[in-house]
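Visitor: Sequence:
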Amino acid sequence: MKLYIKYMVSLRCKMLVHEELNALDIKHSVIDLGVVELLDNITKQQWETLKKNLLKSGLELLDDKKSILIEKIKNVVIEMIHYAEELPKINFSEYISEKLGYDYTYLANTFSEVKGITIQQFIIINKIEKVKELLLYDELNLTEIAYKLNYSSVAHLSSQFKKITGLSPSFYKQLKQKRTNNLEDF
Numbered sequence: 001m002k003l004y005i006k007y008m009v010s011l012r013c014k015m016l017v018h019e020e021l022n023a024l025d026i027k028h029s030v031i032d033l034g035v036v037e038l039l040d041n042i043t044k045q046q047w048e049t050l051k052k053n054l055l056k057s058g059l060e061l062l063d064d065k066k067s068i069l070i071e072k073i074k075n076v077v078i079e080m081i082h083y084a085e086e087l088p089k090i091n092f093s094e095y096i097s098e099k100l101g102y103d104y105t106y107l108a109n110t111f112s113e114v115k116g117i118t119i120q121q122f123i124i125i126n127k128i129e130k131v132k133e134l135l136l137y138d139e140l141n142l143t144e145i146a147y148k149l150n151y152s153s154v155a156h157l158s159s160q161f162k163k164i165t166g167l168s169p170s171f172y173k174q175l176k177q178k179r180t181n182n183l184e185d186f
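Going by UniProt numbering, the first residue of the sequence shown is number 1, and it counts up by one from there.
Some hints could be false.
Heads up, simulated DSSO-like pairs for lysine-lysine below, C-alpha to C-alpha not over 30 Å straight-line [as the list claims (entries may be wrong)]:
{"id": "1", "residue 1": "66", "residue 2": "52"}
{"id": "2", "residue 1": "56", "residue 2": "115"}
{"id": "3", "residue 1": "65", "residue 2": "51"}
Label pairs and their calculated CB-CB ranges [to be verified]:
{"id": "4", "residue 1": "175", "residue 2": "44", "range": "47 to 53 Å"}
{"id": "5", "residue 1": "153", "residue 2": "15", "range": "23 to 29 Å"}
{"id": "6", "residue 1": "43", "residue 2": "67", "range": "38 to 44 Å"}
Just so you know, these hints were derived from the structure itself, not from any lab.
Don't be surprised by glycine CBs; every beta carbon is placed ideally from N, CA and C.
Please put together the full structure from these sequences, using the hints given.
Guide: In structure tokens form, the structure reads like this:
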């Protein structure tokens with residue numbers, strides 16, 4: 001039996017889920033992309049307790065097929081952009097479709113219907129969040145960031161960044177540096 005839990009793909013969340021399952025003596029094997037594989041059936045009491053305890057931690061058990069699919073799509077995108085060493089060389093649509101085993105048109109229509117934005121818009125938002133993160137680390141210049149995130153050019157990255165944040169990447173970086181400097185003065 002598979003259990004679907006809405007959580008961000010992070011070590012902290014995986015640990016929380018793992019701890020809750022162990023506390024309830026629920027045997028499980030895989031915790032990946034919001035999916036936990038249960039090795040045994042669980043009782044209604046265990047289900048309710050798990051649901052309640054996870055909710056206290058900001059995590060949610062999902063039982064609606066569309067919600068589960070949306071979380072899977074979001075987790076694939078987040079993992080691909082934020083945690084992969086490099087972005088896939090194939091189209092994101094092809095990558096997501098292969099990863100989840102569904103036709104991309106179906107995934108895209110379901111995502112748009114439920115979330116009110118396209119998968120492509122969700123990808124762009126996450127790519128810009130990754131750009132912000134990389135700008136703050138100050139280890140890569142804008143050209144390297146554009147290359148790392150598969151932008152066709154620095155101009156394209158800058159244009160998307162400004163469209164999403166209202167700021168140019170360089171102004172954003174300056175703003176963050178000023179805030180950091182101001183905090184250090186206290």
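Visitor: Of the numbered hints stated earlier in the document, which are not met by this structure?
Guide: Structure breaks hints 5 and 6.
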